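S.K.: Produce the entire structure from the sequences given, and follow the hints as far as they go.
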Amino acid sequence: MVSRYLDPKIDLAFKRVFGQHADLLKSFLNAVLPLPDDGLIDSLEYLTPEQVPELPGLFKNSIVDVKCQDTRGRIFIVEMQMLWSTSFEQRIVFSASNAYVKQLRSGQDYASLKPVYALALTNQVFDFETDNYHHHYKIVSLQDSLRVLKGLEFVFIELPKFKPRSQTDRRMQVKWLRFLSEVGRNDQAVQDLAEDPEIRSAMDLVEVGAFTPEELEAYHIHMDKLRLEATVIKDAKAEGKAEGKAEGIQEVARNLKAQGLPLAAIAQATGLGVRDIEDL
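Throughout the sequence shown, residue numbering follows the working numbering, covering -7 to 272 in sequence.
None of these hints come from the bench; they were simulated from the model. Just so you know, these numbers come straight off a predicted model, no measurement behind them. Every residue, glycine too, gets a C-beta built ideally from N, C-alpha and C. Be a bit skeptical, because a hint or two may be false.
[Said to hold, decoys possible] Per label pair, the in silico range of CB-to-CB distance:
{"#": "1", "residue 1": "R192", "residue 2": "P254", "range": "31 to 39 Å"}
{"#": "2", "residue 1": "P205", "residue 2": "G265", "range": "37 to 45 Å"}
{"#": "3", "residue 1": "R139", "residue 2": "N247", "range": "49 to 57 Å"}
{"#": "4", "residue 1": "V140", "residue 2": "M164", "range": "22 to 30 Å"}
{"#": "5", "residue 1": "K94", "residue 2": "R177", "range": "31 to 39 Å"}
{"#": "6", "residue 1": "I131", "residue 2": "P189", "range": "31 to 39 Å"}
{"#": "7", "residue 1": "I131", "residue 2": "Y38", "range": "21 to 29 Å"}
[Stated by the list, open to error] Calculated pairs, EDC-like style, for lysine to aspartate or glutamate (alpha carbon to alpha carbon, straight line, at most 20 Å):
{"#": "8", "residue 1": "K106", "residue 2": "E145"}
{"#": "9", "residue 1": "K1", "residue 2": "D57"}
{"#": "10", "residue 1": "K155", "residue 2": "D119"}
{"#": "11", "residue 1": "K155", "residue 2": "D123"}
{"#": "12", "residue 1": "K7", "residue 2": "E207"}
{"#": "13", "residue 1": "K18", "residue 2": "D188"}
{"#": "14", "residue 1": "K249", "residue 2": "E270"}
{"#": "15", "residue 1": "K18", "residue 2": "D30"}
{"#": "16", "residue 1": "K18", "residue 2": "E71"}
{"#": "17", "residue 1": "K1", "residue 2": "D15"}
{"#": "18", "residue 1": "K7", "residue 2": "E71"}
M.R.: What follows is the structure, given as structure tokens:
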């Protein structure tokens, strides 16, 4: 049975929900960010307008940048991304640092800088050493972990690891992560989510009927591309194991590159570095 909903993890739907509806984004950020109970987000504003892509070739990693003010009047910036790549951690550190630096304009002093939270959600597992799906990083002293350099914090959420303890769990973090993980896959299984008005609004936004024929065509082309890449990567991994030699792995990478797959996907399939693949 065809789902009534688009997958909210895909750029087109993701930005429709979180890039255009501040009330839903505020609810989501309050649910997944490690904010104190007396420091939840009270209001936010988008730093850059997010445009829904109109053509298949325009699908990119989802990025939503917002300036938030909490209930204590403190201001901070959240850069939210839905992405994965072989250089995942480096990209997030670079991107968050860039968001931090760009705040400072000519003539301003460092005291005007606001903290930056980098929130990255991935549909891939990148940390195989733990079952935890929610990762929170700070810049801390090695001698005293309570001493923190304020300015940058990182939150990574691995969606494939997320498993609700029960369908009756009503915590907002669980509801929002179920929205991202389950909507668009099994309509029957997510009907209980609609009991929450905020999640219901988000589900309405990703209903198939809310998109134009052109947007739906772009969405399905993108989904077909993702499925093809997943199949090719799986086959490439099997071929690489069968070869068992560096020459065989390089040949696999060379073939994938000739098929036009992204370098990051080829690196994932072969274990080679992106620069090595560029040189093939």
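S.K.: For every hint, state whether the structure bears it out.
M.R.: Checked hints:
1. The hinted window of 31 to 39 Å between R192 and P254 holds, with their beta carbons roughly 35 Å apart.
2. Range check, P205 to G265: Cβ separation about 41 Å, and the 37 to 45 Å hint holds.
3. Distance hint for R139 and N247: a CB-CB separation of about 51 Å, consistent with the stated range 49 to 57 Å.
4. A C-beta distance of roughly 26 Å is found between V140 and M164, which places it inside the suggested range of 22 to 30 Å.
5. For the pair K94 and R177, the beta carbons lie near 37 Å from each other, so the given range of 31 to 39 Å is met.
6. Range check, I131 to P189: Cβ separation about 38 Å, and the 31 to 39 Å hint holds.
7. In this structure, I131 and Y38 meet the distance hint of 21 to 29 Å, their C-beta atoms being roughly 27 Å apart.
8. Between K106 and E145 the CA atoms are separated by roughly 12 Å; this keeps the pair inside 20 Å, and the hint holds.
9. Annotation: proposed proximity of K1 to D57 holds, straight-line Cα distance about 17 Å (limit 20 Å).
10. Straight-line distance between C-alpha atoms of K155 and D119 comes to about 16 Å, which keeps the hinted pair within the 20 Å bound.
11. Of the pairs offered as hints, the one joining K155 and D123 holds, with about 10 Å between alpha carbons and a cut-off of 20 Å not exceeded.
12. Distance check on the hinted pair: K7 and E207 sit about 13 Å apart at the alpha-carbon level, within 20 Å; holds.
13. A hinted pair counts as satisfied when its Cα atoms are at most 20 Å apart, and K18 with D188 qualifies at roughly 15 Å.
14. For a cut-off of 20 Å, the pair hint linking K249 to E270 stands: about 9 Å separates their Cα positions.
15. A C-alpha spacing of about 15 Å is found between K18 and D30, which places the hinted pair at or below 20 Å, so the restraint holds.
16. Distance check on the hinted pair: K18 and E71 sit about 13 Å apart at the alpha-carbon level, within 20 Å; holds.
17. Among the hinted pairs, K1 with D15 is consistent with the structure: their alpha-carbon atoms are about 18 Å apart, no more than 20 Å.
18. Distance hint between K7 and E71 is fulfilled; the C-alpha atoms sit about 13 Å from each other, no more than 20 Å.
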